[in-house]
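Student: Below, each chain spelled out in residue letters.
Number of protein chains: 4
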Amino acid sequence: MTYTEKMLDAYPAEINIDHRQLASVIDALEACAQACTACADACLSEPADRLPMLSRCIRDNLDCAAICSTTAAVLSRHTGYDANLSRAQVQAAIQATKTCGDSCSEHSSRHEHCRICAEACRETERALKALMPQLEPTSATTGPPSQSAPQQQQPR
Amino acid sequence: MTYTEKMLDAYPAEINIDHRQLASVIDALEACAQACTACADACLSEPADRLPMLSRCIRDNLDCAAICSTTAAVLSRHTGYDANLSRAQVQAAIQATKTCGDSCSEHSSRHEHCRICAEACRETERALKALMPQLEPTSATTGPPSQSAPQQQQPR
Amino acid sequence: MTYTEKMLDAYPAEINIDHRQLASVIDALEACAQACTACADACLSEPADRLPMLSRCIRDNLDCAAICSTTAAVLSRHTGYDANLSRAQVQAAIQATKTCGDSCSEHSSRHEHCRICAEACRETERALKALMPQLEPTSATTGPPSQSAPQQQQPR
Amino acid sequence: MTYTEKMLDAYPAEINIDHRQLASVIDALEACAQACTACADACLSEPADRLPMLSRCIRDNLDCAAICSTTAAVLSRHTGYDANLSRAQVQAAIQATKTCGDSCSEHSSRHEHCRICAEACRETERALKALMPQLEPTSATTGPPSQSAPQQQQPR
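Chains as they are written, first to last, in my numbering: chain A, 13 to 168; chain B, 13 to 168; chain C, 13 to 168; chain D, 13 to 168.
One chain only, chain A, in its complex shape (with noise of 0.2 Å):
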């Protein structure tokens, strides 16, 4: 079991999404976060007659690392959960997946570091779409939206 995991079973309040489903998801952003950084650096060392092919790829690494790393910081907070944020910031980071997974996987038969972000890329985004649905917010609600959003439940 990951920190993540452990984390989210110590949290003070309900989290009403899957602990493992929602932990399996922050720790494939974090690992895609950190196969992008990689994979812009292993680029940069690639040999000047590769480099130049590889500039928009370097781009989306760059831009999917961030991206990445942002959302899975707004997944590990519950607090006044607001389901249109989580919502937004995941639509992004599928969006940032798709792209760098698209470009890395043009040279993925070329470089091995391509091969293996693409595969990162493709994982994770494959698990934040099947996360969406459970950042619906539940239809039939009484109180303040950061109370009736499926994260976040009345403090104990």
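Just to be clear, a hint being listed does not mean it is correct.
Same chains, same label: a pair holds when it works inside one copy or across any pair of copies.
Derived lysine to any residue pairs resembling SDA-like cross-links, with alpha carbons at most 20 Å apart [said to hold, decoys possible]:
id	residue 1	residue 2
1	K18	A43
2	K18	E131
3	K18	D61
4	K141	E26
Worth flagging that the hints you see were computed from the coordinates, not collected in a lab.
Based on these hints, arrange chains B, C and D on the given structure of chain A.
Tutor: Using the frame of chain A, we list chains B, C and D on its own:
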């Protein structure tokens, strides 16, 4: 003229958005991220009887700081521009500044730092909304996506 | 094997540090950053009578999260390696994990999230200290700094 | 007056550093981070025959951007101030701005974005060095560390 605008002018290819407008959005995002980081910390130093009311505000500050900072970085990159990605991340930032602006506004009369931070959020939200129409892919495109998007033409 | 280690193995030049050790440091830093982000948020959801005692812990969590995350990124880059920079940032991370570990330890008996976070901080502090001697520039250098440092040889 | 300085003035406890100086350091760090992010991307859009010479510069830009941004956040927090942590992170930022300033300077005559970025790095390095003496713990302390450090007195 800020470094942001100078750097846009020094970019070695065309950026098809007004440099001054884009620079002012990026600068607003960074000023907002800074205000949110400072507001979260100022809330933490409020007296014990005030702090519990500010926990949601702190959380929104932290999300808004991370999202604005990431969005500024995405908008500062023009190599291999992808309109879908920029738009999705800007959309998340619009939501983050709205959510955080609303949270801080609730405490504006009691806490000057919340009043100032709400102002930074509102200003950034307006700037982002004004930028959105400029991030549309151009309608008539002949080249591949990375060359037909508004922010990026062929490298010289 | 994590993506981190796979990416080190796929890097297109030599990295003169044991890949397994370096990967475990980077992974510890990211797990620690994640635990700190989650601990700050868990503290914010503690009851009103507990929250004021946790304000310093929250601040230390936020610093430690940002510093660990940045240090992981610095250690994930090997192009043009600069031992002085890596060492200075690792030193800052050693201090951040110590400070945060101390803060969280004070609340370990009352708050499980602080106990887990303190554990993540101590583990990361130990891993960073064990890495430091490996970041020394080699004594006998003939090339420019970027080529004589332990983490980077000539690109193949 | 920037939001940074306004937020320092609105902080609900004493900050024992001149607000204007501290604000100017934080603003310099954020302007430098922005310049570095933009310079890395501008380098990526340079022609194929120039790009390989810029790979180290891009790497230094990315480190410097992340480190400056993290350092700005650390210096923006005053709750439970820890002089050792601030000093260690500022030290890392001094090294990052020096390393990146040196890298960019090598390309200043060829690339305007490197010239501007080097200027931002040098300016920030100077501001950080001038701040260091202010981050010394006060010599005569009676309370616990968090109360005797220069940046933080007792909350009002």
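Student: Enumerate the violated hints, using their earlier numbering and listing them in ascending order.
Tutor: Going through the list in order, the structure violates hints 3, 4 and respects the others.
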